[in-house]
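Protein chains in written order, with the working numbering: chain A, 1 to 462; chain B, 1 to 310; chain C, 1 to 360.
Just so you know, these hints were derived from the structure itself, not from any lab. Each hint should be verified, as a subset may be incorrect.
[Claimed, not checked] Simulated restraints on C-beta separations: (1) B:T220 x C:G24: 34 to 44 Å; (2) B:A295 x C:G39: 49 to 59 Å; (3) C:D89 x B:W2: 51 to 61 Å.
Even for Gly, the Cβ is constructed at its ideal location relative to N, Cα and C.
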Amino acid sequence: MTMNSSPDPALMPGAFAPIAREQSVHRLSRPSLSYWQDAWFRLKANRRAILSLWIIIAMLLFTVLGPLFWRVDPAAQDLQQISSPPGANRSVVIVEPYRPWAEAPAAPSEPGLDVAAPPTTQQVRLVWTPMPGAADYRVYRNIVPVKQGGALGVPLGTSGSADVTHYEDRMDLKPGVAFYSVLALDANGAALPAVFTRRIEVANAITLAEAKARAMVKADDGLGVGDQIQYRLHPLGTDYLGRDMLARLMQGARVSLFIGIVAPTIFVLFGVLYGSMAGFLGGRIDQVMMRFADFVIALPFLLFMILFKIAFGIGPGESGILPMIVAMVILLWPATARLVRGQILQVREEAYVNAARLLGARTNYLVLRHMIPNTFGVILVTLTFAIPSAIFTEAFLSFIGMGVAPPTASWGSMSNDGIKSMLISPHELFLPALMISITVLAFNLLGDGLRDALDAKMRSRE
Amino acid sequence: MWRYTLTRLLQGIITIWFIATATFLAMHAVPGNPLAGDKAMTAEIQANLEAKYGLDKPVSQQYLIYMGNLMRGDLGISYTQKNREVNDIIREHFPVSATLGIIAIIFAALGGVLFGALTALYRNKWPDTVIMLMVIVGISVPSFVIAAFAQLALVRINGALGFSLLPVAGWGTVAHMIVPSLVLGLGTMAYLTRLMRSSMLEIVNSDYIRTANAKGLPATRIFTHHQLRNAILPVVTVLGPAIAAITTGGFVVELVFAIPGLGRYFVQAVQQLDYTVIMGTTVFFGAFLVLMVIAVDLLYGWIDPRVRLN
Amino acid sequence: MTGPHEKPLLDVNDLAVEFDTYGGTVKAVRGVSFSVEAGKTLAIVGESGCGKSVTVQALMGLVPMPPGRLTAGTAKLRGHDILRTTQIDGRDFRGSEIGMIFQDPMTSLNPTMTIGRQIAETLEVHLGWSRKQSFARAIELLELARIPEAEQRARQYPFEFSGGMLQRAMIAMAIACEPAILIADEPTTALDVTIQAQLLDLMADMQARNGTAIILITHDLGVVARMADKVAVMYAGQVVEMGSVDDIFYRSAHPYTVGLRAAMPSNDSSARHRLLPIEGSPPDLFAPPSGCAYAARCPHAMRICTEVEPPAFQTGPGHYGRCWLHHEGVAGAAETLRGMQPALRTEPGDAAGPNREEKA
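Looking at chain A on its own, in the form it has when it is part of the complex:
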């Protein structure tokens, strides 16, 4: 220890005068917080948890208020737009009603393949210059560019003879780009090396009569052949039956979130009742009750979910929201019961509870003031984590065909539908899967945040 160089205190007038104690009494500068206030501050500091909370609120608004703004029947089919992805081209040109191609068209001026009329989904009329040595021609269509010597795509048909150098394609035409090829065949029907390929943009087409029938044009619109009109808007595209994805996602959200929130709430409540009863009663009753809970825990959960659904007489392909909730409640309560019982036993032994009892606190007071506040955090966290796993369970069951069945939509059953057409239109799987993932993630992160905020052990460490 060395003398430090402070200013000579003798220079300060009255430096050594005694002072009253009150003057210098130290005050705690930080306000004290209650348990829940403190937890809330901690939660607010956790950006991920708060973002998750907002996502959950947005999801609930989407479910509840969404249908008020987006008034589209989730079961209505738009047959013009089947499996159309989000942001697909909706423009459609009004065309004359189809008339067979009577007269032979003129050959293109330059050697190669050309179209004889504007290509639309009504028909694509191809015409080409004759190829030397050809006895017949075969026409192909492909959805990807044709490479040199590569596959030509779907064989559509042959023109019939060397003289016919035109072909009309009306087979399941889709708007967008198609790659047509014409291959020369010899007299035996074998392929010759000569081939023409052309990239053709196929426009969406509709006849006036059909457009009127679908209420896309009104009689007094003054629209006629050649005019562009728009198909109905599907912001998130349509599914394999032409149903609006956005409307179905809203309907699915209702089912998925309903099951995901109601089932856990019931089984957590039941678990709390069962667990606290066992914890309070103690002794032999407690042992018997918990033994039974152990058995129920040992049941393979998903197998018994399926078994129960069958037992309820709900076969595959039949909708069963209620049986699913009942089965979840029957099978999932023991984990919460165990947890709550443990908490109750632990709190009961805490010194502060004994202290309160010594001070003459009544059971009601003990339960309300000590037991419930001290187990509520754990229960809240359990509930938050139970919701995503219930949503997963619903999705899993719907996926294997044991959950919600058509025409009711749930995110799980939509994923199940989407998986079949995954290769052609991935959005049908991607969108409901994304909804499930975002919701599950949000609940998980919120649960993490809640757990951290309520964990007294962490608090003392800081």
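We have chain A already, so just place chains B and C on it with the hints.
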């Protein structure tokens, strides 16, 4: 330890009995016995079923017959397929599921421990961020979606390469096993990674790591001898539920990848309402899971001296 | 006590440690200096949160950084600065030069490793011994620590030991490499009083056998009286008084030391001794006061105390106190200081334990 093992086994047997009984009761709770259902079936199968299960007898007797059969290891005969025993079905399809599941659980456990340790070591640095992103995907995306997108990715990759890097579906070679088992293990791996990470972080701040530092042990030795071993303990305790998750997750993965496992067969049986196969496989899977949980408990006891010696 | 020309084994000068928390920066240790001589015991006393544990943990490189931060100071072990590296001549001084035991033996040992292995690994790492050789030595060390059936005990795990036995094992582990200094951070706080005495005896024995210096962290003045040669009293991250045991007990140079003593039970039956708590609570180390940290609780506080931090005044050979009362300008300071001393205690060395004579 022997006493403990014996007790656990005895508990396991009682649990299996409970599962079997619950299964029997669930199937008989349906108004009108599903085993005597009105489904169109050949007279031959009907006759077989009646002979086997004593369907004309009262429920209590049926239960005794059912339990008797179970005791002899006989799980019954198929409800929809002539002369097909549930035992045969299991014998044929379970090895496939087991192979898939074992690879998946090994992948999940090793990956979980490794990645969890890495994230704790590189806390808040890029390996942590990358791995935790993967964990978030593993936890929040349902396994059938991961399976579907993995398959989609495989199709695209094979298409882009112009040859088949890995098969898109099916079963038979090692190449067939890689993607499905990765997909199957991913969710569990994510869960274990998270657990391992938090357990590692908790132990870093523990008193005995401080003691190890105060002894002047090199960081690598503290990591391997003191931190890792203790951090793995909580991971081992959840291996039982993890095996259950992988077993049921196997159902959808087998479905998506067209793998002829017992899970896929079970889902088919459910869709065809093949009651006996459903009951048989439920009891079988239930018993299997109970035994697995016991095995994990014993493994835990072997690793943790506090359990082993008490 | 300490001869003036003896070169200290460990010399700590102006050590300062801060912690960044989300509530602000905590200045946990604020310029602590002390020295330790071979074969002697330095006790650091003070209430919870005064920075005594952080001080020794900083010496041992055990303060987690971040959130901890070393802002100033040096600590020289035989001339090597050990604050910024744990290496001396290419090897870790921890465990070899300085051994340490902790407050809670139940949690301070690895639960999944046998006691013997935990002792032996220190020898393996520092001395390069074989596993077998180290384990054999570990058994000897357990015997030295008076653990019966050491051979079997070495093969047991921490949970099979009682708290007192574990702390013995900790001592055996800390002295395995015969370090020059043994730091004991509240070694007996978590244990029974009866076991306390046994452990203190054991530590004194080890000290006598190896000539080890001991730094003893405690808040128990009884332990101080029994064990220490020199005492440092810490308050709010500073050493407020430093001196011999007798200086501290009979010639206190700081009102805080007096307060601590008054709060300690005494077996002096002649006095109507009432335990007097120190009113108030220690200052907030997020924003330490500008003057004396104790001013707010001090019955003798003067105006200057709240404004200027007191320097260390020397009040006797090797005895310092950070209190303005020692300034020559204070009127009536002598009376105040005399009034602070225990009037009823007659003999210095009264409170000393049985080992005291051996050491003298």
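Which numbered hints fail: Hints that this structure does not satisfy do not exist here, as all of them hold.
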